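Engineer: Model the full structure from these sequences, guided by the hints.
Okay, so the sequence shown: first residue is 21 according to my numbering, each after it adds one.
FYI, nobody ran anything at the bench for these hints, they're computed from the structure. As the structure is a prediction and not an experimental result, all values here were calculated from the model. There could be a bad hint or two in this list.
What the hints assert, rightly or not - With a cut-off of at most 25 Å between alpha-carbon atoms, the simulated PhoX-like pairs for lysine-lysine come out as follows:
id	residue 1	residue 2
1	Lys163	Lys222
2	Lys222	Lys208
3	Lys139	Lys222
Stated by the list, open to error - Pairwise CB distance ranges, derived in the manner of DEER restraints:
id	residue 1	residue 2	range
4	Asn44	Leu114	35 to 45 Å
5	Gly42	Val225	19 to 29 Å
6	Gly125	Asn80	24 to 34 Å
7	Asp219	Gly160	15 to 25 Å
8	Arg250	Arg119	13 to 23 Å
9	Leu247	Gln121	19 to 29 Å
10	Asp187	Ser232	19 to 29 Å
11	Ala213	Ser173	12 to 22 Å
Every residue, glycine too, gets a C-beta built ideally from N, C-alpha and C.
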Amino acid sequence: MSFRPLAVLAALSCAGAAQAQGFNIEAGGTLIYSFNRDHSPLSPELPRPDGARADTKDGNALEGAAYIEAQFGGLYGGLRGFVARETDISRADLYLGYRGQTGQGFTYDVSYTQFYYPKSGGDCCGQLGLDVGVPIGARGTGKVDLALSPADSEFSAAVGLDYAVTDQLSVGVDYGVYDFDISSTERKWELGADYAVNDRVKTGVAWHDGSSQDGFLAVSVDFKTSLLSR
21 MSFRPLAVLA ALSCAGAAQA QGFNIEAGGT LIYSFNRDHS PLSPELPRPD GARADTKDGN
81 ALEGAAYIEA QFGGLYGGLR GFVARETDIS RADLYLGYRG QTGQGFTYDV SYTQFYYPKS
141 GGDCCGQLGL DVGVPIGARG TGKVDLALSP ADSEFSAAVG LDYAVTDQLS VGVDYGVYDF
201 DISSTERKWE LGADYAVNDR VKTGVAWHDG SSQDGFLAVS VDFKTSLLSR
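Structural biologist: Structural data, given as structure tokens:
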């Protein structure tokens with residue numbers, strides 16, 4: 021495990037965090053139920069899809085994730101766990117990042133994540149990520165998500181568009197290219213909708229398809245709460 025990306029990220033973000041006010045500890049999770057999934061599982065905060073290859077099972081799947089995160093200004097760091105139907109790709113993540121927003125409404129999030137697979141060799145790999153949001157009109161948001169695994173130079177990229185139909189209901193479409201090398205490039209796309217029950221609970225439904233999988237439907241519930249705020 022190399023700590024150089026962590027050190028660089030911390031150096032870049034500490035100056036901004038020192039000027040910001042507020043400290044918060046947040047916890048939350050996600051439950052995902054996939055109908056007739058025949059490929060590697062969905063994953064909140066998707067890492068490299070090939071982080072660990074499992075013997076994928078067909079059929080319905082209930083999977084989930086949980087996290088705890090400390091936030092100070094734009095700087096954040098935390099621990100996240102993901103439990104998959106294929107237990108050898110269940111994992112734990114340690115992550116550190118900095119997120120913010122410009123006066124024009126552009127959002128950005130730069131992060132470093134280290135992935136651990138307890139039943140598949142332990143410490144797997146690290147990933148640098150950059151997510152950018154671009155306002156489009158009064159209710160639209162364009163998204164660009166980039167990720168790079170420094171150890172093997174694997175790259176992934178995704179673009180998307182979200183549209184807020186109301187303050188609670190939003191729809192979106194995403195397209196991504198993962199495992200960006202000649203031997204194992206995968207293309208995936210998603211069309212879905214989210215409904216915010218309140219500021220702590222969100223439900224979602226989405227259709228997923230791709231170049232190496234059959235299409236399938238998934239429903240999800242996301243929840244979060246503040247454990248400490250100062």
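Engineer: Now look at each hint and say whether the structure bears it out.
Structural biologist: To see whether the hints hold, each was checked on the structure:
Under the criterion of a C-alpha separation no larger than 25 Å, the hint pairing Lys163 with Lys222 is consistent with the structure, at around 20 Å. With a CA separation close to 23 Å, the supplied pair Lys222 and Lys208 stays within the 25 Å bound. Only pairs whose Cα atoms come within 25 Å are accepted, and Lys139 paired with Lys222 is rejected, the gap being roughly 31 Å. Separated by about 19 Å at the C-beta atoms, Asn44 and Leu114 break the suggested range of 35 to 45 Å.
Distance hint check for Gly42 and Val225: the Cβ-Cβ separation is about 34 Å, which falls outside the suggested range of 19 to 29 Å. A hinted range of 24 to 34 Å is violated for the C-beta pair Gly125 and Asn80, which are about 40 Å apart. For the pair Asp219 and Gly160, the supplied restraint of 15 to 25 Å holds, since their beta-carbon distance comes to about 21 Å. Between Arg250 and Arg119, the C-beta spacing of about 19 Å keeps the proposed range 13 to 23 Å intact.
At roughly 24 Å, the beta carbons of Leu247 and Gln121 sit within the given window of 19 to 29 Å. Taken as a hint, the range 19 to 29 Å is violated for the pair Asp187 and Ser232, whose Cβ atoms sit roughly 37 Å apart. The supplied range of 12 to 22 Å is broken by Ala213 and Ser173, whose beta-carbon atoms lie about 36 Å from each other.
When held up to the earlier numbered hints, the structure conflicts with 3, 4, 5, 6, 10 and 11 and fits the remainder.
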